[in-house]
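J.: Next come the chains, spelled out residue by residue.
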Amino acid sequence: MEAPVLEKLTETQQNQRMVEYEVARIYDFFLRAPRSAQEFMLELQRENHIEYLTNGLNHLGPSFRVLDANRPWICYWILHSIALLGDSVDAELEARAIDFLNRCQDSSGGYGGGPGQLPHLATTYAAVNSLVTLGSHEALSSINRHKLYTFLLQMKHPSGGFRMHDQGEIDVRACYTAISVASILNILDDELVQNVGNYIQSCQTFEGGIAGEPGSEAHGGYTFCGLATLILINEVHRLDLRSLLDWVVFRQAGLECGFQGRTNKLVDGCYSFWQGGVCSLLKRLSLDIDEQSVQPDAREGSSFDNLSTGADTSRKVNYNDVGYEFIEKHPSSQPLFNSLALQQYILLCAQVPEGGLRDKPGKPKDYYHTCYCLSGLSLCQYSSSNEDSPPLPQAVAGPYSNLLEPVHPLYNVVFERAIEALDFFRGK
Amino acid sequence: MVPIRLWRLPKQDFSELMGYFRAVYRADERSPRSLHLTAEAIAMNPGNYTVWHFRRLILEALNVDLHDELNFLDNIAESNTKNYQIWHHRRWVAQKLGTDAANKELEFTRKIISLDSKNYHAWSHRQWVLQALGGWEDELDYCHELLKEDVFNNSAWNQRYFVITRSPLLGGLKSMRESEVNYTVEAILAHPENESSWRYLRGLYAGDTQSWIIAPQVSSVCLKVLGSRINFVFALSTLLDLLSHGFPSTQAFRDAVDALRVPDDNQTDSNLAKTACLILERVDPIRVNYWLWQKSKLPQ
Ligand SMILES: [Zn+2]
Chain A
1 MEAPVLEKLT
11 ETQQNQRMVE
21 YEVARIYDFF
31 LRAPRSAQEF
41 MLELQRENHI
51 EYLTNGLNHL
61 GPSFRVLDAN
71 RPWICYWILH
81 SIALLGDSVD
91 AELEARAIDF
101 LNRCQDSSGG
111 YGGGPGQLPH
121 LATTYAAVNS
131 LVTLGSHEAL
141 SSINRHKLYT
151 FLLQMKHPSG
161 GFRMHDQGEI
171 DVRACYTAIS
181 VASILNILDD
191 ELVQNVGNYI
201 QSCQTFEGGI
211 AGEPGSEAHG
221 GYTFCGLATL
231 ILINEVHRLD
241 LRSLLDWVVF
251 RQAGLECGFQ
261 GRTNKLVDGC
271 YSFWQGGVCS
281 LLKRLSLDID
291 EQSVQPDARE
301 GSSFDNLSTG
311 ADTSRKVNYN
321 DVGYEFIEKH
331 PSSQPLFNSL
341 ALQQYILLCA
351 QVPEGGLRDK
361 PGKPKDYYHT
371 CYCLSGLSLC
381 QYSSSNEDSP
391 PLPQAVAGPY
401 SNLLEPVHPL
411 YNVVFERAIE
421 ALDFFRGK
Chain B
1 MVPIRLWRLP
11 KQDFSELMGY
21 FRAVYRADER
31 SPRSLHLTAE
41 AIAMNPGNYT
51 VWHFRRLILE
61 ALNVDLHDEL
71 NFLDNIAESN
81 TKNYQIWHHR
91 RWVAQKLGTD
101 AANKELEFTR
111 KIISLDSKNY
121 HAWSHRQWVL
131 QALGGWEDEL
141 DYCHELLKED
151 VFNNSAWNQR
161 YFVITRSPLL
171 GGLKSMRESE
181 VNYTVEAILA
191 HPENESSWRY
201 LRGLYAGDTQ
211 SWIIAPQVSS
221 VCLKVLGSRI
231 NFVFALSTLL
241 DLLSHGFPST
251 QAFRDAVDAL
261 RVPDDNQTDS
271 NLAKTACLIL
281 ERVDPIRVNY
291 WLWQKSKLPQ
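Top to bottom, those sequences are chains A and B. Numbering follows full-length UniProt numbering, with no gaps: position 154 of the first sequence is 154. Numbering follows full-length UniProt numbering, with no gaps: position 286 of the second sequence is 286.
Among the hints, a few may not be true.
SDA-like cross-link-like pairs, simulated, lysine to any residue; straight-line CA separation at most 25 Å [as the list claims (entries may be wrong)]: (1) LYS8(A) x HIS36(B); (2) LYS365(A) x GLU22(A); (3) LYS363(A) x LEU340(A); (4) LYS274(B) x LYS295(B); (5) LYS111(B) x LEU62(B); (6) LYS360(A) x GLU145(B); (7) LYS8(A) x TYR183(B); (8) LYS365(A) x SER79(B); (9) LYS329(A) x ASN386(A); (10) LYS82(B) x HIS36(B); (11) LYS82(B) x GLY56(A); (12) LYS8(A) x ASN231(B); (13) LYS8(A) x LYS148(B); (14) LYS82(B) x GLU107(B); (15) LYS274(B) x ASN386(A); (16) LYS82(B) x GLN14(A).
Since the hints were made in silico from the structure, they are not lab data. The structure displayed is predicted, hence computed values, not measured ones.
Given only the sequences and the hints, what does the whole structure look like? Please build it.
T.: This is the structure in structure tokens:
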């Protein structure tokens, strides 16, 4: 295979060709390899990934300087990855994690990036999801829900958005982390939901995807956050779902098979979850999409008049049941994206056989990408079935032993853990 | 005052420094030495939002000249262009300085964008500056400059959309539509494989599907690209979109689409939209499920 000629191409084209070349080389090597080697290459190296992850938990020490304001995130990325792989941490590590996260919990509610730091919505999400993933009574009851609710209300901005922390930035991530946490903990109410739909709606761009704030560029991470938020508050009709679907399916790259985060950007393993997640959420919304297709102009013109009125009050919903009800919507049988192709990208290009997963070939592995590549892989495996039944062998790329635990697509924690937490916080 | 010596700290290690920081933070000591300490802590870890937050409180309490603060940010920004905290702080400072800061901020983001043309934070900051502080005059030219250099730069297309829909100097989407359509059609014909320009074209008719389906420039650019028989996926999907909104299929389109069939496409159909789906299933196999789904939604 010849290296690409890059002269006269624009910067975007050059970068794209380089990645295509690198990925094509890997696929070419795979296709020429003998069958036994192919089988090995498609195998998820569970033991190595678990070792890489467990080492990370043990070394959660002072060397993590850059992420010093991010430690609950490292906990979540690692614990969630381990849970996806069907494993769990031992009692001592679990006790240490609970203790550490508890020291990140602020006396007035919410979790900071480390002990003594300001509470922050993103680290609150990471801490709560970590504790839900651990799942024990001790873990779940360590969360001060009453104070957390107060913290969430304090972060609320009149625009409908949330601030990340006291005087912090307002964006779609902040909305998602606030609403997701409130939903799983059974503390979501009208006051928290007020105007959130307006804010997210104002972030859907002309491309169809959702931006971090009004006016910015449509982006996979924010699109997942925005869509999941609207589902959790039962206002998904605020979006133009057809254009969202059209945008997201075009984010899967024809040659590389992975997802890119934005139009004309490079593929990256972590979007296997963000964009793959959008696809699997949309699949369960096929009836809502049909409804909009029948009256394509219903949103047009009228949508802006409705902006100030907020939620449609005629439909009284119990927000705290959405986490259960949404996953009972039985999706149409086929995923809307190419699940096997994406699994191929994750296993052959994003997986580091010695342990850990990464953005793309040539990039180093890290816990963030390990978490979101594995989460995306799990979504793919269950994309033709439901979370509560095992998928057919042909839905799983590589050996069937690659099968991961399913995730709850709105919270991104392992499905069973999510349901247990929903039950726990509803006194069931 | 917290009894610690800070002024001549030797190369202390991270935890020692953070120990000092926590001491002044807990004592809420808004002093010059605390300000200095936050700078040190930020240099070590610019992601620590608690340090930034405290720094803002100190800056307010000491009434520091915020132009100096922008210089401080310039020095650490270039190696940390993807850090939320630095950009958020920058916005805070620029807001306090008001319209005076507009030029510097536009220049600064231009510099970051010249190094990393799709930097999300830089673009968000730039949009905020334009809306809060002004400086719209040259923005459309700037977008053109970037697109001339790299017409695949989707961030530049997004900025262009931002300008034509929000600039107080331009009169809004409807009054810009005709010239923008011409600009975009030219870009599409030069690179029909460029998704950015197709999405921009669709965006020019956002909320106005009536105009979308009757616009002669739209149907003619579709037809031209289909007629070229290469790189026609976006033209064909645009045609599908037009048809779904009531665009009447014409003989010219039927002929152009028919010409894209291969002998293997034996399942042809008199329905133009259905034929388009069949072709897309073949030429765009990564999205085969999507085209099947589209086909299943067509009126029978
Ligand atoms: Zn990534």
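J.: The structure should be examined with respect to each hint, and the outcome stated for every one.
T.: Here's how the hints hold up against the structure:
1. LYS8(A) x HIS36(B): violated (49 Å)
2. LYS365(A) x GLU22(A): The hint holds at about 17 Å.
3. LYS363(A) x LEU340(A): holds (23 Å)
4. LYS274(B) x LYS295(B): At roughly 6 Å apart (the allowed maximum being 25 Å), LYS295(B) and LYS274(B) satisfy the hint.
5. LYS111(B) x LEU62(B): Given pair LYS111(B), LEU62(B) is violated - Cα atoms ~31 Å apart, limit 25 Å.
6. LYS360(A) x GLU145(B): violated (31 Å)
7. LYS8(A) x TYR183(B): holds (22 Å)
8. LYS365(A) x SER79(B): holds (21 Å)
9. LYS329(A) x ASN386(A): holds (10 Å)
10. LYS82(B) x HIS36(B): Answer holds: LYS82(B) to HIS36(B) is near 24 Å, not above 25 Å.
11. LYS82(B) x GLY56(A): holds (24 Å)
12. LYS8(A) x ASN231(B): holds (19 Å)
13. LYS8(A) x LYS148(B): holds (13 Å)
14. LYS82(B) x GLU107(B): At roughly 18 Å apart (the allowed maximum being 25 Å), GLU107(B) and LYS82(B) satisfy the hint.
15. LYS274(B) x ASN386(A): violated (30 Å)
16. LYS82(B) x GLN14(A): With a Cα-Cα distance of about 22 Å, the restraint between LYS82(B) and GLN14(A) holds, given a limit of 25 Å.
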